[in-house]
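Chain by chain, the residues:
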Amino acid sequence: MEFETVIGLEVHAQMLTDTKIFCGCSTKFGGAPNSHTCPVCLGMPGVLPVLNKKVVEFAMKMALATNCEINKSCEFARKNYFYPDLPKGYQISQYAYPLAEHGHILLDVNGEQTKIGITRIHMEEDAGKLMHDEHNPSSYVDLNRTGVPLIEIVSEPDMRSSEEAADYLKRLHEILVYLEICDGNMEEGSFRCDANVSIRPKGQKEFGTRAELKNMNSFRNVQRALEYEIKRQQYLVENGGTVIQETRLWDDAQGATNSMRSKEEAHDYRYFPDPDLVPILVDETWVEKIRKELPELPLTKRERFIKDYQIPAYDAGVLTADKALANYYEEVVKLCAKPKAASNWVMGDVLKFLNEEKRDIRQCPITAKSLADMIRLIEEGTISGKMAKEIVEDMYKTGKSPQTIIEEKGLVQITDEGELIKTITSIIEANPGQLADYRGGKEKLFGFFVGQAMKATKGKANPQLVNELLKKMLA
Amino acid sequence: MELHQLTIHELQEKIKSGDVSATQITQSVFSRIDTVEERVHAYIRLLKEEAMAAAAKADESIKKGDIKPLTGIPIALKDIVCTKGITTTCGSHILHNFVPPYNATAVEKLRAAGAVFVGKTNMDEFAMGSSTETSYFGPTRNPWDLERIPGGSSGGSAAAVAAEECIASIGSDTGGSIRQPAALCGIVGMKPTYGRVSRFGLIAFASSLDQIGPFTKDVEDCAIMMNVLAGYDPKESTSVSAEVPDYRQFAGRDIKGWKIGIPKEYFIEGIDTEVNAAIKKAIAVIEQSGGQCVEISLPHTQYCLAVYYIIAPAEACSNLARYDGVRYGLRATDVRDLLDMYKKTRMQGFGAEVKRRIMIGTYALSAGYYDAYYKKASQVRALIKRDFEEAFKNCDVILTPTTPTPAFKIGEKTDDPLQMYLSDIFTISTNLAGIPGISVPCGFTSGGLPIGMQFLASHFEEGKLIQIASAYEKNAKIEKRRPKL
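Protein chains in written order, with our numbering: chain S, 1 to 475; chain P, 476 to 960.
Don't read these hints as lab results, they were simulated from the structure.
Remember, predicted model here, so these are calculated numbers, not experimental data.
Mixed in with the good hints there might be a few duds.
[Claimed, not checked] Restraint-style ranges between C-beta atoms, simulated for each label pair:
(1) E180/S with D846/P: 40 to 46 Å
(2) E296/S with Y707/P: 40 to 46 Å
(3) F29/S with A857/P: 41 to 47 Å
(4) K115/S with A842/P: 47 to 53 Å
(5) S716/P with K115/S: 40 to 46 Å
(6) D846/P with E288/S: 32 to 38 Å
(7) D846/P with Q234/S: 35 to 41 Å
(8) A842/P with G117/S: 25 to 31 Å
Beta carbons: idealized from backbone N, C-alpha and C, even for Gly.
Generate coordinates for the entire structure from the input sequences, incorporating the hints supplied.
Here it is, written out as C-alpha cells:
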C-alpha cells in the first residue's frame, strides 16, 4: 500500500524583549538560578500580571509576516496543570481567542511553490526549568525562564514529507530572525518545535491517527524524528497494527521516538479566560504602525536579488538566508558594481572561512569595502584571480585591506609589455626544443610556456597579457 | 469617652488640636485589646511593637505639622492583604508561615496616609465562608453576642471595629465578605466598584469578584478610608483610571429628589421578620429625608447564587493551585514522590470548605462541562449585570437588606453549606455586576443583635452611596449602643 504523510508543526519562539511578558524581570539566558525573578514571576500570593506591550507588537510582526489576520480583540487564558517549574499552577496562554489566525507562508521546493497554512499565532509565558541531582533523590527549580515571552505558531496539517517540514521550519526560523524578534537559538531553546504526524493510504481524505513528537532540538533532529516516526507508523499499519493517539519523545542517541503518554493520560488543562488580564484590543492604526516597521522579508529579498543582481536562485537563497549576510553582500555590490563576482566571493571564500571557524558574517574580519576593493582590483587587472585567492585569505586572517597586502607582499601584477616580452624572449631562447615541437604542431606545449612565464614572474604576470604575447611570439 | 471608642474624624480633630497624641490613641487601642481580645479573637496576629513605633513616628510628624488623612489612626488589616516582612496567612494552614517580601498596594496607601497598623485580622480560610468559622486559627466571635458568628469572611476586621480593638479596618469582599459582617457587627462596610481599589497584594480568591474595602464606625470614616484606598494602580491590569472624587464631600449632602429602587426580588420568604421590619422603617426614614422609593425588578436575581458558586470556585481552584509546597508555605514531610508531596501538602494545608470549592471549581472547568457550567454562568452573569444597568436608568441607588437574618450561632450552619451560602444571597449580585455597595446599621433585633441595610449604586458611584448612607445615618437617629464586653 502506498502511504501519504501528514505533518503539522507547532513552533515555540522566544521573543527578544528585554523584560518578561508579565513583569519587569530580565529575559537574559543563563544567570545564577532564580536571579531573574520577582514575586510576580515566582507566583507569590496576591501578585498580578501586567502585560508587556512589546510582546504583542513582536507577535503582531510575526503575524503580519506570515499573512495572518490579526484579531481585533484577543484574550489570555489560563492553562491549568501542576508541575514544579510552573509556579502559579497555570500557564498564562491564549486559547479561544488568539492574537492572529488564518495565515500562510510559501515554500520553494525544487522550484515549485507550496503554500503552508498557519492556523494561529498566540502569545504565552514560558515555564521554568528543573535540575535533577544525580546523586540525591531531589530536584532543583530554576525560575529564571518563567515568564519569558513566547509565541506559538501552529501550522495547518499541510506538510507531506519530512523534507517539507524541515523546509517550513527553516523558513519560519528565517522570518523570525529577520524580524529581529527571536534569536533563533535552538540549543538554548529560543526556537522549539513539536510535530503532529500521521499517515493515511494515498487518496484517502480522512486523516489518520496522529502522534505528537516532542524533544527535537535541531532542524536535523526534527527531520530524523519525523522520518523515524513515519516509518514506524507505516510498519505498524502494514503489519496489521493501529497507530494510537499519543505523545512521543524523540531520543537523539537512540535515534527513535518513545511513547511518553497516551491520550487517556493527557491533561485536562481546564482553560478559562484569565480574570487578571483584560482583553487586548488591536485597532487598524496599531496594525498599520507595526506593518510600517516590518523589514523586507526573506522571500521578497530573494526575488529582488534574482531580479536586480541577475544572480541564480541558488545564490540568492544562500545570500538571503541570513539578513546580515544579505546586507553584507549588498554593501559589496554597491561598492564594486559586480553582483555575480561579489556573490562568488561571498559564497565561496568568505563563507568558507567563516564556516570553518563557526563564525557568522557579523564577525567577519573582511569588511564589505575590502572585498569590494579586491573585486575592483581584479577587474582593473591589478591582480589576477589566482593572486586574489591568496590575498583574500590574508585579508581574512589579518583584517587588512587588499591594497595593504598587495603592497606589503609586492604582489602587483606585471602588466608592463616590455618587461614581459623580455622574460618570454629569454624563456623561448632557453627552450628551443619545445619551441620546435610547438611550431611542429604540438599545441599543448602552449601551456608549458605560460607556466614558465608565470614561474619566472612568480605568478605576478597578468595571465591575459602573457597569453596574448605568447601567441604572437611563438607563432 | 476613651480614645478607642472614637471615630477617625473625631480623633483627627483631637490630634490636630494637640489634645491627644498618636501614642495615646494606640495605647488606648491596645489596652482595649488586652481586655476583650481573648473573648472576641478578632486577630490572628497583633503588631503591638510595630504599632507603638509607628505611633511614635506619627507623633514626630504631628509635631512638624505634617498631618495626613490617617496620621496616628490605628487600623487593622485582614490577613488576606500582603504585608512586607509580616506573616500573612489568609486564615490557612498552608500559608501559616508565609512572609511576603512586598506590601499590598492598599497597605502601601494606608501607610503613606499615616495609618498605624494594629494587627492582622482573622478570616474564613482564603475568604471562603460567611462566618469566620473556617479559619485555621479558630473562629472569631460576634462582639454583640459571643455565642454568635461575626459574619465573614472578613469577620475579624468587622469584629475588631465593633469591639473597638481598632478605629477602622480593611477587609475584602468577593460575595459579601465586607457588607455581611459589617451588618452582623453593627458597623459600616463598603465594597467599592471592581477596579476602584487595587487588588495587588490581595491574596486572590476569585479574581473577577474580589475587592478591598473599609470597615468603619460611621459613614464619614468610610469616606475618609475610601479617599485613601481608591485609585488607579499600574500593578493591576483590571485597575481603572477613573477620577477619584473627594468622598468626604458627599457626607452630609441631602438626597432630596432621589429615586431609591426597592427590588421586589429581594423581599423574599425566609427573611427574618425583625430584619424585614427594620428595613421597612429605614425606607420610611429615606422617604422622610426627601427620597422617593420605587419598586424595581432585577429579574435574574434567582440565578445569582448559582452563577456565583460556579464562577467563584472556578477562579479559586486556579488561584489556589500555586499552593503546592514547592516555594513557600506548608510542605508536607514524609513524601514518596512529587505527586505524593502535592497531595499531602494540599490535603494537610487546606480545610474542608476550601477543598469543597476547589473541587466544585475543577469540575465546572473540566472538559465536557465547561460550556454547561462556566460558560453558561458567564453568560448569565452578563444578564445580571444588565439587570442593574436597566435598574439604574430608573433610580439613583438601590436599597436592600444586607442579610436575610441577624448573626447566627457558632456551629449552627457549619454542617450545611447551602444554608451558609444563603447568608450572602443579597450581597452576591453586587460582585457579579462589579458595582459598589455599602452596608449601614439600621437598628437592632429585640435580642440586641445589629441589623444592616445595603445601598447599591452604579459603577464608580461610591459618592452616591456615601451621600445616602450619611443622610440615612443622620436622619434615622439610631441609638448609639456599644457591645457589652
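Against the structure, the hints come out as follows:
no. : hint                           : result
1   : E180/S with D846/P: 40 to 46 Å : 41 Å, holds
2   : E296/S with Y707/P: 40 to 46 Å : 42 Å, holds
3   : F29/S with A857/P: 41 to 47 Å  : 44 Å, holds
4   : K115/S with A842/P: 47 to 53 Å : 33 Å, violated
5   : S716/P with K115/S: 40 to 46 Å : 45 Å, holds
6   : D846/P with E288/S: 32 to 38 Å : 37 Å, holds
7   : D846/P with Q234/S: 35 to 41 Å : 39 Å, holds
8   : A842/P with G117/S: 25 to 31 Å : 26 Å, holds
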